[in-house]
Each structure stands twice: as C-alpha cells, then as structure tokens.
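Numbering (the numbering used here), first residue to last: 581 to 1153.
Source of the hints: derived by calculation from the structure; they are not laboratory data.
Fair warning: there could be bad hints in the mix.
Said to hold, decoys possible - Here are the simulated DSSO-like cross-link-like pairs (lysine-lysine), alpha carbons at most 27 Å apart as the crow flies: (1) Lys755 - Lys926; (2) Lys1112 - Lys966; (3) Lys885 - Lys828; (4) Lys923 - Lys966; (5) Lys1056 - Lys841; (6) Lys885 - Lys824; (7) Lys885 - Lys836; (8) Lys955 - Lys1113; (9) Lys824 - Lys1112; (10) Lys1056 - Lys988; (11) Lys994 - Lys1057; (12) Lys1112 - Lys1083; (13) Lys988 - Lys926; (14) Lys828 - Lys926; (15) Lys755 - Lys836; (16) Lys798 - Lys755; (17) Lys777 - Lys824; (18) Lys1112 - Lys926; (19) Lys798 - Lys777.
Unchecked claim - Estimated spans, in silico, between C-beta atoms of each pair: (20) Met986 - Leu1039: 22 to 28 Å; (21) Ala1050 - Ile656: 15 to 21 Å; (22) Arg655 - Lys828: 38 to 44 Å; (23) Ser647 - Leu670: 17 to 23 Å.
As the structure is a prediction and not an experimental result, all values here were calculated from the model.
Cβ coordinates follow ideal geometry from the N, Cα and C atoms, glycine included.
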Amino acid sequence: MVRIRSLSTSTQSLYCSPSSTYPRHPVIFQGDTNPQFRSNTISQNKLYHIRSPLTSLDIVMTTSLESLVEELLVRIISFTDCHSLPSLALVSRKLNRLTTLELYASIDFKEASIDTGTRFLIPVTYHLLTNPDLAALVRSVSLRNVFGDEEYLVPLNEGADNDFRKGWPLSPDQKALDDLIWRAVEDVEDNIQRQAKLYNAVRAGSDESSIIAILISKLPNLRTLDVVGDTMRAAGCELLRFVKRVVKREAPFDEKPVLTKLSDILVCGCNYNYPNSSELLGACLELPSIRRLYAYHLGNDEHNKITETIAALGTDTSLVEELELRGSHLYAPDLDRVLKSCKYLKTFIYEVGPAWTWYPLRTSDIMNSMTAVEKTLENLVLEHSKSVANRADDGDGELTAVSLAMFKQLQYLKISTLFLGGFKQDEKVDFAGVFPTTLTILHLTYVGDLDFCAPWIPLALQRAFENGDAVLPNLKKLTLQGAFLDNPNRLDDIKGLVRTMRKREVEVVIEGVNPRIWDERGWGIDEEVKWKKCLNNYAYEVATLNVERNESDLSTIKSRDDDDSLGGGGLEL
581 MVRIRSLSTS TQSLYCSPSS TYPRHPVIFQ GDTNPQFRSN TISQNKLYHI RSPLTSLDIV
641 MTTSLESLVE ELLVRIISFT DCHSLPSLAL VSRKLNRLTT LELYASIDFK EASIDTGTRF
701 LIPVTYHLLT NPDLAALVRS VSLRNVFGDE EYLVPLNEGA DNDFRKGWPL SPDQKALDDL
761 IWRAVEDVED NIQRQAKLYN AVRAGSDESS IIAILISKLP NLRTLDVVGD TMRAAGCELL
821 RFVKRVVKRE APFDEKPVLT KLSDILVCGC NYNYPNSSEL LGACLELPSI RRLYAYHLGN
881 DEHNKITETI AALGTDTSLV EELELRGSHL YAPDLDRVLK SCKYLKTFIY EVGPAWTWYP
941 LRTSDIMNSM TAVEKTLENL VLEHSKSVAN RADDGDGELT AVSLAMFKQL QYLKISTLFL
1001 GGFKQDEKVD FAGVFPTTLT ILHLTYVGDL DFCAPWIPLA LQRAFENGDA VLPNLKKLTL
1061 QGAFLDNPNR LDDIKGLVRT MRKREVEVVI EGVNPRIWDE RGWGIDEEVK WKKCLNNYAY
1121 EVATLNVERN ESDLSTIKSR DDDDSLGGGG LEL
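Assemble the whole structure, with the sequences as input and the hints as a guide.
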C-alpha cells in the first residue's frame, strides 16, 4: 500500500482551536466600508462590523432548514465558513441564536503592531464588558501580533476617528463608561494606588497589555489562548504581571479566581532567528487548569542567568500533561526548572532551535533535565531544527549519543538519528541498551543534511533486533523517515532491517521527504493540533511506503503524477 500524505493540512480558518471539542471559527473584526457588512459591535460614535460575504443559503430555504433538529443545525453551523456566519445569523431568530454560539466561540485579532496597536481591541473589550452573556460564549482568543505598550504606542485622539486603532465609544453618559472601566479595573487590581494608574492607562488606551488582561479576565469559559511572547520582555508588562498574580492567587483573585478553565496555550515568538522572551512560558506553567502548553522560538541568548518566572517555579507544581517546545533556545537551567515543575507530564516534544542562538548545544544538559519526568513520560519527541547541528562542534557544543532506557513508561518515541549517533556519528553505539522495553512505536527521522541520516544506523538496529525479543519486545510499528525512497543505495541499506522487523510482525513504514513542497506544520505527537499560522513553521510533504507483512503483496513506491521529485525506486525483499 502506498500513501501520499502531508505532515500538516491547511487551516480552513485563520484560527483553529487545538481540540475538536472546541468551536473552530473566529470572530474577525475588520473595517466598515463594504456594503456587505453587518453591524455587530459598537465603538466610539459609529457602528463597527463583522465582515461577511452573503451566504449561499436562500431565504426560501428557511422553513426546511429550521425543520431540522437543533443538534443537526449546530453541526451544520460548525462547518459553515466563518465569514458567512453573520449572514446566516440574519436568516431567522432560531438560526441567530444558534449561530451566535459559534460566532463568539473564537476571537482572532488580526490587525496589530507595536506602534499603532491592536485595531479593534478596545471595541471588543467594551462590547464584552457590556454583554457578559456573550463574553461567556468565548472559548478561544488569538493575540498573535505584537501589541502596543506605553513606550511605543501612538496616543489616541479622543473624539476623532482613529482609523488605525479604535478607542472607547463616545456616549452622552461618559460617567457610565468611566464606571464600567473602573469596575473592571477593581476586579483585577486590589491595590488602590495601582488601581488609579491602571484605570488611567486603560481609559486612555495607552497600554494594550492592561486592556488584554482585563479582557481575558472577563471570559469565564476561556479554554485556549494564542499569544505572542516577545512583548513580555517589558518588565512592566501588565499581562505578564496579571498571569503571575492569578497563579499566586493574590487579591482579588483569592476570592474571585479567573482563567479557571484555560487549558491550552500557545506562546509564540515573533522573531524567527533570535530568541523571544520565555517569561510568559514560565508564568503559564502553574495556571490551575493548564494541560497542554506549546511554545515557539522562546529562549534567552544571555545564558548566564535563569529566566525570572522560570526561576520562581516550584517542584511538581505544574499540572501540564503535554509540553511542546519547538525551535527552543532555552538556557539549560531554564529547561531543568521547567521539567522539574511538571508533576504529571506525559508528552514532551522538544525541538532544539536554529543555529542563530548563542547558547551551547549539549545533549547531556537535555538528558539531565529529563530525569525529572522519567517516571511519568509516555510520549517523547526529540528533534533539532535544520541547521542547529552546524553549531554542535564549534567548541561549546557537545552533541553526543543519548540513551533512553531509563524511561520505564515510554510507549512512543520519535527521535532524530543525530541524537542516536551524536554529531560525530559513533558507529560503535549499541542500540540494545538505548531504548526502553516498553516502547510500542519507534519513529526515526532526520533533518537537513543527508549525513544526519547515517546509513550505519539501520544496520545497527538490525543487529540489535536480531538478538531476540529482549530488544523492544513490545514494538508494534517502526517508521524510518529519510533519504530512502529516491535513493536505491539507501533502500539497500534498510532491506535487512525490514526483513527482521517483518519476521517479528512489526509494521514498517518508510517515509521520503519532498523538500520542495511544504505546508503549515501541525502540533502535537501526530502534528494534527492546529493553531494559527506561525512564521517559518513548515511541514514537508512526505511519500509513504507501507511495507506489507504478506510476502506475496509487496509494495512499490512510484513517482506521483510523473513527478520524479520523490524518486521512482522500490523496495524488493
């Protein structure tokens, strides 16, 4: 059987929740110049709208559509294009009620920059402050772009049409607006002096970090948060301070807890080449309901001191079960403290960051840190970015072969072959003692140069497996991802290993990568968790050869659509 698949599928909307149980469509706030706009929220002295092309549903269909049971209607609405939801809400009262649930489930702020700010942040905040029933519908929020702070933000001109960033609405009763903001401030700040400072910043719209803190504090059912991490470099960042106070349950959060359902978070760096602040990562680890935490390009080039919020972490204080650090620049003591804080970590996905980082790469540091989770870990991915190994032998680096035998609960392992043989590819490594006996799925992969997909590794594995069932006695599936399918010599290298695996009734899958075709890379063990697009987060398409167990039904991989980019060889046993 031959399968052509992509490691990641395109997102159908600008933001997809990382769990299928959560609604998938965002509320997208844009301008008000198109005649197809429908009013949804109020800001200043104008109506601001959600953009929506007219839906294909005709009013004539209303009767037949409404005759369906609500469960089916909810299902239909969940698959409706997000831009069509506002128009669908206008069809009838019943559809308006059901569509509203989906329309407010996810909010994605698209237009933002450090100087002009987040265009519709204030109108959305005002709208949800005045409509707590709608605020209760929000399940996910995306704040991917760098939002503005007092140091860089262009001031709002109250009463004028600030097209770059909308302010608080103009109203005949300004006292009512002032009271609304003051009550919101009191709900997140107990100190009287800080209340006044916070109120002034929020009322003037001069500190978006403070407004964001107030906004998410008013979303009682918020479950997923996608936020840029680089803004956290500011020592006075109110959002970072807010999360830290929520974790410590400082007043008023001791009596009025917030973020009690926030379980999935992505902290994304906005600079691909250089590290982005990991302060928010440390703060989020101890949130009360956190279960899945993802981070992209976070770290610290100044590897002489531990990050403040990470240093404050205790031992076994985080309830996170799945932690993915992609493109990681974490200083070794940071990684050590992060893993020691995890009490029930079951899945750890660690991709060492790109070569731009200044910190030394030492696999010994990584493995020493991972001893903290060796008793709980069930799934492990250990990879590196394409060019990181170039720094492994520069004097500071120490990329040596690893052993994972101590992980007694490990069932799934995906590992770069570079970590099996080390940078110098030590062919004397004995794989008989490298893997835990509990492993059921083993996925070997390589990244970058073909030298990192050493031909001696399949032979070494074959020898280890020929020693009997003592080596990986519970193995059910072996995946080899590398330069095999377009290289006859590489296929010859793995024939013996494949024969050995088939005798043990182990499923063997061989994957070849097409480096010219890529898509947005997903998250999680199977890379099926979807977040909003990240810069340079590519997934290469692969051709997959599934080697059948039946000798009379061998599979042959051939080029797809007469494209020889993946080669035309086959595996004959």
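Okay, the hints, checked on the actual structure:
1. Lys755 - Lys926: violated (52 Å)
2. Lys1112 - Lys966: The given pair, whose Cα atoms are some 22 Å apart, holds under the 27 Å limit.
3. Lys885 - Lys828: holds (23 Å)
4. Lys923 - Lys966: violated (32 Å)
5. Lys1056 - Lys841: violated (37 Å)
6. Lys885 - Lys824: Holds. Lysine 885 to lysine 824 sits at ~20 Å (cutoff 27 Å).
7. Lys885 - Lys836: violated (35 Å)
8. Lys955 - Lys1113: Measuring from Cα to Cα gives roughly 34 Å; hence the hint is violated.
9. Lys824 - Lys1112: holds (25 Å)
10. Lys1056 - Lys988: Between lysine 1056 and lysine 988 the Cα gap is close to 17 Å, so the pair holds against 27 Å.
11. Lys994 - Lys1057: holds (12 Å)
12. Lys1112 - Lys1083: The given pair, whose Cα atoms are some 44 Å apart, is violated under the 27 Å limit.
13. Lys988 - Lys926: With Cα atoms ~12 Å apart, lysine 988 and lysine 926 stay inside 27 Å; holds.
14. Lys828 - Lys926: Holds, at roughly 25 Å.
15. Lys755 - Lys836: The hint holds at about 26 Å.
16. Lys798 - Lys755: With Cα atoms ~21 Å apart, lysine 798 and lysine 755 stay inside 27 Å; holds.
17. Lys777 - Lys824: holds (19 Å)
18. Lys1112 - Lys926: Measuring from Cα to Cα gives roughly 24 Å; hence the hint holds.
19. Lys798 - Lys777: holds (20 Å)
20. Met986 - Leu1039: 22 to 28 Å: Holds, at about 26 Å.
21. Ala1050 - Ile656: 15 to 21 Å: This hint is violated: roughly 55 Å between Cβ atoms.
22. Arg655 - Lys828: 38 to 44 Å: holds (42 Å)
23. Ser647 - Leu670: 17 to 23 Å: The hinted range 17 to 23 Å holds for serine 647 and leucine 670, with Cβ atoms some 19 Å apart.
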